[in-house]
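Those protein sequence lines, which keep their order, are chains W, S, A, E, V, F, U and P. Counting from 1, one number per residue, gives the positions in the first sequence under UniProt numbering. Counting from 1, one number per residue, gives the positions in the second sequence under UniProt numbering. Counting from 1, one number per residue, gives the positions in the third sequence under UniProt numbering. Counting from 1, one number per residue, gives the positions in the fourth sequence under UniProt numbering. Counting from 1, one number per residue, gives the positions in the fifth sequence under UniProt numbering. Counting from 1, one number per residue, gives the positions in the sixth sequence under UniProt numbering. Counting from 1, one number per residue, gives the positions in the seventh sequence under UniProt numbering. Counting from 1, one number per residue, gives the positions in the eighth sequence under UniProt numbering.
No lab work stands behind these hints, which were simulated from the structure alone. These numbers come from a predicted model, not from an experiment. Built from N, CA and C at the ideal position, the CB exists for glycine as well. Keep in mind that a hint or two might mislead.
DMTMM-like mimics (lysine to aspartate or glutamate), calculated; alpha carbons at most 25 Å apart, straight line [as the list claims (entries may be wrong)]:
1) S:115 - W:168
2) U:120 - V:62
3) E:86 - E:118
4) E:115 - A:94
5) A:115 - E:194
6) E:77 - A:118
7) U:77 - U:97
Computed footprint of chain S on chain E; a stretch qualifies when at least three of its residues, placed anywhere within it, have a C-beta under 8 Å from a C-beta of chain S [claimed, not checked]:
8) 191-201
9) 226-236
Residues per chain are reported as follows:
Protein chains: 8
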Amino acid sequence: MEQKEMIDLLRQVASGTMDVEQAALKLKEEPFEDLGFAKIDHHRAMRQGVAEVIYGEGKTPEQIFRIAEAMKEKGQKAVLITRMNKESAIYVGEHLELQYDEVSRIGFIGEAPIKDGDGKIVVATGGTSDIPVAEEAARTAETLGNEVIRLYDVGVAGVHRLLGHLDELMEARVIIAVAGMEGALASVIGGLVDCPVIAVPTSVGYGASFGGVSALLSMLNSCASGVSVVNIDNGFGAGFLASRINHIERRTKE
Amino acid sequence: MEQKEMIDLLRQVASGTMDVEQAALKLKEEPFEDLGFAKIDHHRAMRQGVAEVIYGEGKTPEQIFRIAEAMKEKGQKAVLITRMNKESAIYVGEHLELQYDEVSRIGFIGEAPIKDGDGKIVVATGGTSDIPVAEEAARTAETLGNEVIRLYDVGVAGVHRLLGHLDELMEARVIIAVAGMEGALASVIGGLVDCPVIAVPTSVGYGASFGGVSALLSMLNSCASGVSVVNIDNGFGAGFLASRINHIERRTKE
Amino acid sequence: MEQKEMIDLLRQVASGTMDVEQAALKLKEEPFEDLGFAKIDHHRAMRQGVAEVIYGEGKTPEQIFRIAEAMKEKGQKAVLITRMNKESAIYVGEHLELQYDEVSRIGFIGEAPIKDGDGKIVVATGGTSDIPVAEEAARTAETLGNEVIRLYDVGVAGVHRLLGHLDELMEARVIIAVAGMEGALASVIGGLVDCPVIAVPTSVGYGASFGGVSALLSMLNSCASGVSVVNIDNGFGAGFLASRINHIERRTKE
Amino acid sequence: MEQKEMIDLLRQVASGTMDVEQAALKLKEEPFEDLGFAKIDHHRAMRQGVAEVIYGEGKTPEQIFRIAEAMKEKGQKAVLITRMNKESAIYVGEHLELQYDEVSRIGFIGEAPIKDGDGKIVVATGGTSDIPVAEEAARTAETLGNEVIRLYDVGVAGVHRLLGHLDELMEARVIIAVAGMEGALASVIGGLVDCPVIAVPTSVGYGASFGGVSALLSMLNSCASGVSVVNIDNGFGAGFLASRINHIERRTKE
Amino acid sequence: MEQKEMIDLLRQVASGTMDVEQAALKLKEEPFEDLGFAKIDHHRAMRQGVAEVIYGEGKTPEQIFRIAEAMKEKGQKAVLITRMNKESAIYVGEHLELQYDEVSRIGFIGEAPIKDGDGKIVVATGGTSDIPVAEEAARTAETLGNEVIRLYDVGVAGVHRLLGHLDELMEARVIIAVAGMEGALASVIGGLVDCPVIAVPTSVGYGASFGGVSALLSMLNSCASGVSVVNIDNGFGAGFLASRINHIERRTKE
Amino acid sequence: MEQKEMIDLLRQVASGTMDVEQAALKLKEEPFEDLGFAKIDHHRAMRQGVAEVIYGEGKTPEQIFRIAEAMKEKGQKAVLITRMNKESAIYVGEHLELQYDEVSRIGFIGEAPIKDGDGKIVVATGGTSDIPVAEEAARTAETLGNEVIRLYDVGVAGVHRLLGHLDELMEARVIIAVAGMEGALASVIGGLVDCPVIAVPTSVGYGASFGGVSALLSMLNSCASGVSVVNIDNGFGAGFLASRINHIERRTKE
Amino acid sequence: MEQKEMIDLLRQVASGTMDVEQAALKLKEEPFEDLGFAKIDHHRAMRQGVAEVIYGEGKTPEQIFRIAEAMKEKGQKAVLITRMNKESAIYVGEHLELQYDEVSRIGFIGEAPIKDGDGKIVVATGGTSDIPVAEEAARTAETLGNEVIRLYDVGVAGVHRLLGHLDELMEARVIIAVAGMEGALASVIGGLVDCPVIAVPTSVGYGASFGGVSALLSMLNSCASGVSVVNIDNGFGAGFLASRINHIERRTKE
Amino acid sequence: MEQKEMIDLLRQVASGTMDVEQAALKLKEEPFEDLGFAKIDHHRAMRQGVAEVIYGEGKTPEQIFRIAEAMKEKGQKAVLITRMNKESAIYVGEHLELQYDEVSRIGFIGEAPIKDGDGKIVVATGGTSDIPVAEEAARTAETLGNEVIRLYDVGVAGVHRLLGHLDELMEARVIIAVAGMEGALASVIGGLVDCPVIAVPTSVGYGASFGGVSALLSMLNSCASGVSVVNIDNGFGAGFLASRINHIERRTKE
């Protein structure tokens, strides 16, 4: 795509529609808008096929608002804000129509997306404490147009709880396995199914869980094939990737 | 599937085709063959849709041979052996028709697979030293029926080398980014494309690369979305997962 | 046990007492109750021979209450809640008859257990600061029907304090050694007795104790035989395991 | 016991059977024999109820021989040598009647032990490569008078392989779960049974397994209760502890 | 310089202008002023060519004030205070003319410096959250007499944002690359330019970023040449070193 | 000493002055007083030649008071309390005559000690922020009867500050080098003097200082001989050990 | 520069000298030559102002030869090969005129460079064992046209050895401080001079030096300003960066 | 001392005995001899009161010989060489009269030292495998004029072995506690005695001993006072420091 634009640009220059300096300028300045503290990437939506996402952590309420506003003005239909604290949600909510979920700390601005995924995404957790991360994944995926099935508290210490949901697991297009502590959920699921499994280690645990390191290592060392891993507590990353895999047919058809 | 078999079994018991003790026995014993030192999982091929894989590291030449032989006898058409050293390759090659590649340390027994993937898989490396891991990924994917494009030595220290291959990257169904040292390749690729990127950290490097930890952490912390990570040097895992994603349409159609 | 139930189920299907679909359904759904955020495992009590345990950390007061309530309704006689903060204790205490101990943060609902262990369990600590973890172990064991002897502040820097309690140590069926800092208590006790020693590293200490890592490594490297280790600060795990060992005769007799 | 001996000693002094200086001397010198480079602990056999064990690593063939010889001379019926390399086995075998197993690197001198354990010990491994550590555990337990059942290659990536052996697991008195990589075996077994589970992480794996750290952390963070952990590759420690638990009735009866 | 002073001193002694004991005393006591809790190094300004710097962290408001005051009294024209919290800024501001910037937590006392650097310094950040560290670097450099160009939020996940500023990068005398998470910014910039690049890892990120370790390792392993690294979040150090490099001509001419 | 007491005890038994059971009892119970949560070691004062020390961290104000009170009652002339927070100081101060220093968090009860050390102890710090740890060391040493010289803020970044105090360093009997960050102070001092140097790493620093790990490793790897290290921030340990070395003549003369 | 080339290209297209598709092609393919296993970056020499460098580790003798040969053919006057083992040196030396130094493992092909640096570079080491890394730095710098002064074995344990070379240190344009173990050399030098100091931690040491981590952390935490750090044992990186700083005037003048 | 020399020098300059330039030269060049690869510190013997020591690791046989030879020529009576491999011992032994011990890898050239220490040094080890490190400590101490008592294999798993040597421990002037694995020996000894204890962690162990880290952390966290720690396997450092403490009276008398 970008390659094509470059060729287009060259073509315009060749045909005299655009002069050289302007073309160079265009190449340099066009793709993003500079707010000083942030450079908004209006091309990315096209290039990467999704709504623009704002990572809320470390940004002030006002910064989040100004980025979201600039996106809306450029015609962005949907804006997803992750790691958004309550204070930011209140501030942004006063200026823009924001839907906010406290458990996953996800904010959403815009039209409800059409569920146009190729199949279903299953989000499973080892325990109850993993739910906030799982919800970040699930809601991200839903925002990006996916149908999500939640299987919470199906950890391996009672493997029959998981086996009781074989049907849902078997039918999934992608599975997101969210677990802290020993993180064995990803391996056991990975051994049962034949779809891609995205493992999300969580910082749930204490002592030698070292803030999620134990689950992370477990998942990286999974003896089951078809499992890949994202950062500790990175529900968004898992939901985003799952959506990408779940829209793979649609994308290639277009 | 397994669920269905269980229901079938129950049906046979209900209809009197099978008696109770035998059913229990069947449930317990059928799915794998016990060689004493290894339990071969003849169900997995069906359940996971792929050729059986033997992880060669830590197994004696004779153990590898006996497992492979047992698989062949059960009708397995293709057997993939990873992390196979030369000694094992020679031993197994004396008894079975083995194709062996020294760079990737991959052995293959059986019929050449049909390239039936939905699209193409790109395997890119940061440097020349990452090639053995990349080849493990590439050959695994090829063995599982995928068309693979290799882009080697396109690391970020000369970002134009990568940009020169935008076409191949843009058309890929899945990209495997293999890099050691600072592992930035995955992030830069992840920022350019809209398909899933599987990052493989390698143990290439010295000093503070800590045997691949530096690249691993880099990739887990990638600021680009759509990137997930497998274990250090786990070319097989990346190739296997890429194949799964690249067969996702085919699988659901069947 | 579960195996037996499966065979029973198969028998019922064979005899026509149960039809096939229901049997499959039963296999899938029966063992746990789904509260949405948690799946209560009513089988586990039978299968593992103990009262159900609720891990309180990361659960809201209401979640704890609802899980406990569901257990009581299913006929569970005793419910143990660990890592329960004061807020939860107050909330649950308003609805159910709860006994709560602030030091160990343990809550207990139900009838006082009969002390039916095979012998006595000794819980020893290196220092005064290790007492909360030790109490979690001791009260867990008591709740599960064990007689517990407490030997607190007998650390190795004054080895005669420990030697002064040789009698109690010698007579124990199991010993739980709780220590932070250098964690040498487990080794010294392990060298004196001939019963199993369960070592619990604690996060007590500062600087190079790294939140319990120092004690954990010490205990894992114990030069005394018969010592095994649980997670840092995992008093519950040690108490539970000690109880299991202390009921081993009873269980096999039944 | 030692306490009793001390009282006996005091009694002899009180009755005039022994004079004071000799008593002090006896207290000081009696319990071990000094070979210069090693102090053999002839009391330990009595005090800890087992054959004396020689840890072979870091000892020269001659040192091992001299320690074993001194034990035999003092009347020790059985001597177990762990981590014994082939060179040592050949040297010791020239002087004493040694049984040596290469896989587990265990040497044994003396009479075959009577299988006098209270029940059976199951030793399970995740994969084929874990067998050397498992054999160290199994043979240690056998040497100490236990009946051992081996379940090798039953890792969680194919959870049905494990479920196929529910009978053996259910009937075990103690289970030793040996696994490298993600070490999930201990959790899954721990969730199925109600006997003590001793987890042995192995150094099997590569990359982010960090020589067994991944499995170690996994096992320490096991969400299943009743699981405790020994050092990486410490098959001996697991076998020894399992034997202790499996002789607990016998011991208390004596 | 110091060497020269020593020779001067020796000369004075030789010529009788100074006697021996006084010379020894002078050597010992002269170079710093002792406030009890701090020894102010009045020589350093001369020896190292810069304004004295006070590292504010871990110092009380009063301590900072007293050190700054003593410097002013000795004739120091400019005092830079880093890691200064608001409380200290208020306290010091009541007694001395202080300029304070909250984002970078930098305080400045004295005359505005002349911009006498040889060229320009570019300060680039990967994201918005890295700005406080970048501002510490930028303001330090400005205080030391440098012209600074800020390029914020040009991280590698959208490499075109960076490429859009090639002109500024190409013309820089030194570049400071500030990034958290995967820290790839330094490598990509290092591959584009031919001036020294100072990489500053930041503690921005979560999970496996481990408080900046991920970015630190990434930068140390940079495959681009010409990159060196300072401590995590050490904006001051980067700004100081950049200034030193940017005054290198001036210094040698003097 | 203890050995002697045992012989005395045996003598009394032999002579009939004491009967056997009482002797055993005495051996077991005498050396410490049991407060339930703490076992006070009244022998230690004699055995180790110092005032009893209470480690205040992790103890409640009441626990500290009760331990101190019990010591006073047994005739202890001086009690030193380390890591004592203000709350505890106020509580204990209401019941006993306590001297409390906020910087070092040290409390002292009892008579001022006589300065009876063999020589002088120098306590040096790298920076101003290291002073609290240094004061813990200095006051501990003073409490134990030592003359202490403080050399604060003499870090190696201005090596002349240190060289200006060569006299004091040369005359010291023991030197305590307290430093955070890169901890080079210990090496530089160690290279200048010929007395024992006790290095105390502090948690002063940020980023890659990892809470004192950087200084700790630096000090352990010191290329200067005669340097040993205590735990991070362990001022007490350094002061105590320095006092022991500084009383070594006195002790042997007695 | 690259920006300028792009504008030139656009100009040629505008003037009709080049057509659009060829321009796009040129942009994509021109900058590097593809050997299959390596992409040689012929632009980099121009863009980065230095001879091309081949990192020899992990490359076969033949690969090194073929890369070097391709460079020579494209007109590269000087080729520097780092981490070159003896085997590679012999192989390459048979085909090309190679100068090889065994201590630094550096190979050089081409004309002797003119010493055109702005000043002198000092390379200092803490000990004798650091010399190989120091030589890699020194020879890299010399190859890039710098005058280098070597100060070896001037570690801080004998600070007067360093002070004896104050003249050379004071006159240096850049200093490279190479040290293992506690790595304090960089801080002490950094405190004495006012030029940039590049710190190179080495893997020299044992035990808690952890292969260079101790020195690395020390250097990152240096309390002296003006110090930056490269990877452990990265002599090349330090030499390259030092050369860049030492040619900064020359470069800006051109 | 050095301070005194400086004053002497100044006096000579003042009196005209020496002129200024020569004095400056003398200050700079006199204290060490430059062999190119090493700077021998002939002042250190005087300044630090001991024989010069050569650290053999990382030095070639010839380098060791040349340093030792230069020392002998300058009149050094005794030279101690640590970490000396056999090859070096043979080479040096051909040219100089060398005594070499293979276990401790210590070489010694010169006259037998007089045992002039104030008391005795005890060197204790936890096990047999710790002996090489212990011997490095013991022989270093003997070479420096100390009487050494060896207590080997007295680890805490059999605490009575240690208690049997209370007499020797009680009478020691300094104790060196050498232990690997869990390193508890230092704490137990530290709790029994009132002299300084120098703890030496060893790399003996496997798995979670992490090459001595476990013992190192244990020792740093020792709950016994009076314990300090040196680097892993640093027998020399412990022996050297012990000697320093054991000569403290002698030194101050002179």
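Tested hints:
1. A threshold of 25 Å between alpha carbons decides the hint, and for residue 115 of chain S with residue 168 of chain W the separation of about 30 Å lies outside it, so the pair is violated.
2. About 44 Å separates the Cα atoms of residue 120 of chain U and residue 62 of chain V, which puts this hinted pair outside 25 Å; it is violated.
3. Proposed proximity of residue 86 of chain E and residue 118 of chain E is contradicted: the alpha carbons are some 34 Å apart, above 25 Å.
4. Pair hint residue 115 of chain E plus residue 94 of chain A does not hold up; C-alpha atoms about 55 Å apart against a cutoff of 25 Å.
5. Restraint check: the Cα-Cα separation between residue 115 of chain A and residue 194 of chain E comes to about 19 Å, which is no more than 25 Å; the hinted pair holds.
6. Between the alpha carbons of residue 77 of chain E and residue 118 of chain A the distance comes to roughly 31 Å, so the proposed pair goes past 25 Å and is violated.
7. A threshold of 25 Å between alpha carbons decides the hint, and for residue 77 of chain U with residue 97 of chain U the separation of about 12 Å falls inside it, so the pair holds.
8. Residue count for the stretch 191-201 of chain E with a Cβ under 8 Å from a Cβ of chain S: 0. That is fewer than the three needed, and the coverage hint is violated.
9. A stretch counts as covered by a chain when three or more of its residues have a beta carbon under 8 Å from one of that chain; for the stretch 226-236 of chain E and chain S the count is 0, and the coverage is violated.
Checked against the numbered hints above, the structure breaks hints 1, 2, 3, 4, 6, 8, 9 and satisfies the rest.
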